[in-house]
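S.K.: Given next are the chains, with one letter for each unit.
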Amino acid sequence: MPTARNGDLALACGWALVTLAVVGLTDSVILRVIVSLPLLLFLTGHTILRALGPIATSLLEHVAYAVGASIGICLAGGFVLNRLGGLTPLGWAAWLAVVTIAAAIVARIRHGGPRPALALGALPPLRRWHALTLVAAVLITGGAYGIAVHAAATVRPFKYVEFWMVPGGVAAPNRVIVGIHNAEAKPLVLDVEVKLEGHIIASWRGIAVAPGVTWARGLAVELQSGQLEKVRASLYSHGGNILYRQVSAIMPAG
Amino acid sequence: MSEDLGVTPSIRAANWPGLRPIKGAVWRAFDCIGPELHGRAAGIDPPANPNWIVLLCLNAAVALLLVAIGQALGRRGAGGASIFFWAGVVLLLLPTATRATWPQLARGERIFLLLLLGEALFVYRLLYSPTSFVHFDAMLHWMSAQDILFRHQLFLHNPLLPISPAFPGLEILTTAFANLAGFAVFPAAVLVIATLRVTFVAALFLFFETLTRSPRIAALACVAYMGCDNFVQFDSLFAYETLGLVFCVLVMMAEAKAARRAEHDDLRVLALILMLLAALAITHHVSAFACAGYLIGVLILEVLRRDPSAAPGRFGLLMPLAVAVLAFPALWIMSRGAPLSNYLGPVLERGVDALMARLDGASNARKLFVSANGVVQPLGYRVLGILWTLLIVIGLSTGFFRALALTAATSERPGLARLAAVLSRKWRDSRVILLTLGAFGFPVSVMFRLTGAGWEIGNRMGAFVFVSVGLVIAVAIVHFWQPRKAPWRLAATSLGLGTILLGGLAIGSANQAVRGPYQPGADAASIEPMGIAAASWTRDWLGEGNRFASDRVNRLLLATYGQQNIISTINAHIDESRIFLTRKITPDVLYWIKRGRIDYLLVDLRITTAPALLGRFYEAGEPGHGAPPPPSMLLKFDKAPHVARIFDDGWIVIFDVRALHADS
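Note that the protein sequences, when read in sequence, are chains U and F. Position 190 (the first sequence) corresponds to 205 in our numbering; numbering is contiguous. Position 427 (the second sequence) corresponds to 485 in our numbering; numbering is contiguous.
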């Protein structure tokens with residue numbers, strides 16, 4: 016019964032083609048993880064081992080070799096795809112599909128006979144409370160990870176306000192951009208003043224910046240010719256005239 | 059079924075007249091370290107017990123929950139963090155390790171529990187930083203992976219770790235998965251490393267089981283290996299050794315399995331191992347060298363072996379493997395022009411010099427349990443560190459000759475006769491002999507750790523030396539410490555193994571196991587959202603690829619989150635400390651800025667608040683050796699007419715110094 020004997024090869028080929036289709040057609044991360052992880056880290060190696068012929072004497076040994084061989088194939092794919100300019104999602108899916116199908120064909124041709132049984136040993140009987148305990152263990156572990164993620168996202172040792180001024184660059188040599196980002200826990204109302212050679216050339220009063228919000232404005236600067244000029248910007252609390260920050264930008268010679 | 063060799067001691071029957079006063083002490087010492095194999099055949103293993111399995115799964119989950127609570131409290135600087143954390147760690151390690159190494163247990167249950175322990179320890183490490191890379195080495199490799207993922211090209215320059223693009227194995231694997239799954243490097247790396255951990259533990263178990271023919275010794279050896287200080291931390295990071303070790307153990311397992319089956323000319327096995335060796339050669343240099351040392355060591359011992367029962371064709375597989383394991387890394391390094399000697403050479407040279415100086419008494423020992431900033435580690439860490447070393451030494455002392463005797467090619471039972479057979483080069487398995495001799499690497503690694511410059515070598519040796527340490531300790535436990543199932547012996551050895559695991563975890567975390575508040579100059583403990591935001595700002599507002607100089611921690615953030623080109627000693631032979639750690643803008647400062655054509659300088663005023671935990675803010679040997687510089691030193695560029703302060707968040711300031719080298 017060749018079909019039954021090589022069911023694993025047919026499954027691997029089918030899986031590789033499904034992965035190719037999923038990677039090409041959908042952006043669903045969950046679906047792509049589900050199809051690509053087994054192909055990348057097991058199935059390609061499994062078909063390579065089947066093409067080589069029986070090596071392992073136990074299922075655990077076979078799985079370990081299959082993971083190793085899969086990674087080996089993946090690394091080889093990296094060099095091939097790098098040469099072809101194909102280090103892209105579709106490039107990877109195509110590489111894995113080609114290798115898996117080719118190895119399956121070789122395995123089918125070379126080793127038509129029965130392969131050694133690599134069956135899972137007898138599993139201990141599971142009762143309902145076993146299953147419930149395992150589910151609880153998974154949920155608790157998920158909860159532990161959730162606590163860690165929450166702490167990483169919410170604990171901020173520093174509260175601060177970013178203030179900057181950057182020149183417009185080659186595209187706009189006589190412009191600067193002034194910006195504020197509020198990373199404090201509360202909304203702020205701020206004033207900004209820009210000076211060139213001691214003279215105020217622009218100012219903004221009562222800028223309301225909520226937490227997490229960025230405020231930025233462009234400003235044209237009239238330059239003196241023949242020398243570099245430093246434009247300075249100051250950030251004050253609104254009305255209180257308390258200086259928070261001072262930044263500057265060097266403007267190219269006019 | 060377990061096959062612990064049952065050998066009764068006969069040495070006690072010997073009679074040495076005239077030495078009665080010291081006879082008892084000599085016997086006791088000899089009995090401890092001697093080669094007698096006291097272990098008895100374990101009999102038929104019982105079937106797997108699902109009650110224990112599910113309860114230990116639940117136990118591991120609760121333990122991880124306690125660890126997560128401890129880490130979350132630690133981030134907030136709240137009290138009780140250590141209590142939750144260490145309670146979780148003890149709960150995670152002791153019950154599972156004890157059950158997995160119990161004298162009579164189903165093989166499948168042992169394997170499951172070992173895999174559970176390996177994965178739980180990986181999740182344990184993940185809880186330190188669950189959503190992003192923070193460890194120094196991981197961030198270096200993350201940069202290489204980002205380049206491959208977004209620029210779709212291999213071998214792009216990594217300014218922080220120039221050797222990394224020449225060994226892109228882990229990055230190729232991770233970015234392949236990231237491409238296929240459609241997500242970022244970090245989640246891809248988590249799933250890849252989780253798979254690698256399972257594979258590593260499974261392969262290590264099968265390797266030890268093949269050598270000893272005993273699932274129990276294999277399980278004990280695996281648990282002892284997990285006591286390596288690198289197992290939980292360094293070797294589960296997103297770094298090339300994590301994958302290199304997996305290939306290494308797979309090669310060792312495949313070769314040992316083939317030798318056991320007497321398939322010395324099996325081309326299938328040869329093809330598989332050659333594939334693994336080729337993958338290893340492009341993944342990690344040190345792992346490839348370690349694997350070469352192992353295979354060539356086995357070959358040499360096989361040549362020396364005089365066992366008449368040895369198969370004449372046993373070199374059939376070893377010879378081509380020995381050639382390949384030398385040729386593949388050499389060819390790869392030559393073809394890529396990898397600057398390996400520049401990378402490893404100085405580390406080895408400094409380490410060996412420091413060790414020699416230490417042995418000659420010409421240099422002072424490194425202060426143990428004292429951080430580079432002078433802070434003494436907590437008492438618990440110190441006690442665990444000392445116990446870890448002591449218990450491993452006791453295990454090696456009591457297991458060394460027994461491990462040799464275990465593989466003697468003789469039917470005689472007395473340990474001395476078995477040892478004599480080994481000394482006559484009659485052994486059954488050269489791998490056991492090699493690994494047992496390899497246990498000498500542990501005291502060597504400890505000696506390296508006692509020196510300042512050699513500490514890194516001693517630390518990195520651990521991952522490979524512990525394969526030997528694990529085997530010898532396992533043999534010691536089965537054939538000396540637990541010859542009978544006396545409850546106190548089981549409890550004492552379980553406690554000893556648990557202490558080794560705890561000690562390895564504590565040493566590996568270098569006093570940073572519990573996440574705490576921000577610390578300057580502390581790598582992972584210095585990485586927090588404000589620094590990341592500043593680095594991201596550079597990418598958003600200045601564009602990618604600007605030439606930046608900064609301190610060690612912000613260099614990482616600028617290169618990864620900011621995608622900037624970092625100018626440093628490693629990348630451009632520019633010593634940034636000579637730019638930042640001077641009181642005035644001297645001609646020397648201007649020289650380094652011009653020579654490096656540096657566009658921007660990022661200063662982090664937080665480093666002025668406390669000494670660097672790791673003893674440096676910029677480079678090893680910097681002025682002040684990690685002492686906090688005064689703020690005026692870092693802000694001296696404010697006064698320069700052609701320097702602009704373009705960014706300020708109250709702590710982090712960025713200076714635009716492009717005008718200083720505009721004409722050069």
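Quick caveat, the hints were computed from the structure, so don't treat them as lab data. Each hint should be verified, as a subset may be incorrect.
Claimed, not checked - Covered stretches of chain U (in silico footprint by chain F; criterion: 3 or more residues with CB under 8 Å from a CB of chain F, positions within the stretch not fixed): (1) 74–84; (2) 203–213.
Said to hold, decoys possible - In silico SDA-like pairs for lysine to any residue, Cα to Cα no more than 20 Å straight-line: (3) F:697 x U:211; (4) U:210 x U:174; (5) U:201 x F:663; (6) U:174 x F:697.
Even glycine gets a Cβ: it sits at the ideal position worked out from N, Cα and C.
S.K.: Could you run down the list of hints and mark each one as holding or not?
M.R.: Checked hints:
1. For the stretch 74–84 of chain U, the stated coverage by chain F holds: 8 residues have a C-beta nearer than 8 Å to a C-beta of that chain, and at least 3 were required.
2. Check on the stretch 203–213 of chain U: 0 of its residues sit with their Cβ under 8 Å from a Cβ of chain F, so the three-residue criterion for coverage is violated.
3. Of the supplied pair hints, the one linking residue 697 of chain F and residue 211 of chain U holds, its CA atoms being roughly 16 Å apart against a limit of 20 Å.
4. Taking the CA atoms of residue 210 of chain U and residue 174 of chain U, the gap is near 28 Å; set against the 20 Å cutoff, the hint is violated.
5. Among the hinted pairs, residue 201 of chain U with residue 663 of chain F is inconsistent with the structure: their alpha-carbon atoms are about 24 Å apart, more than 20 Å.
6. A hinted pair counts as satisfied when its Cα atoms are at most 20 Å apart, and residue 174 of chain U with residue 697 of chain F does not qualify at roughly 27 Å.
Of the numbered hints stated above, those contradicted by the structure are hints 2, 4, 5, 6, listed in ascending order.
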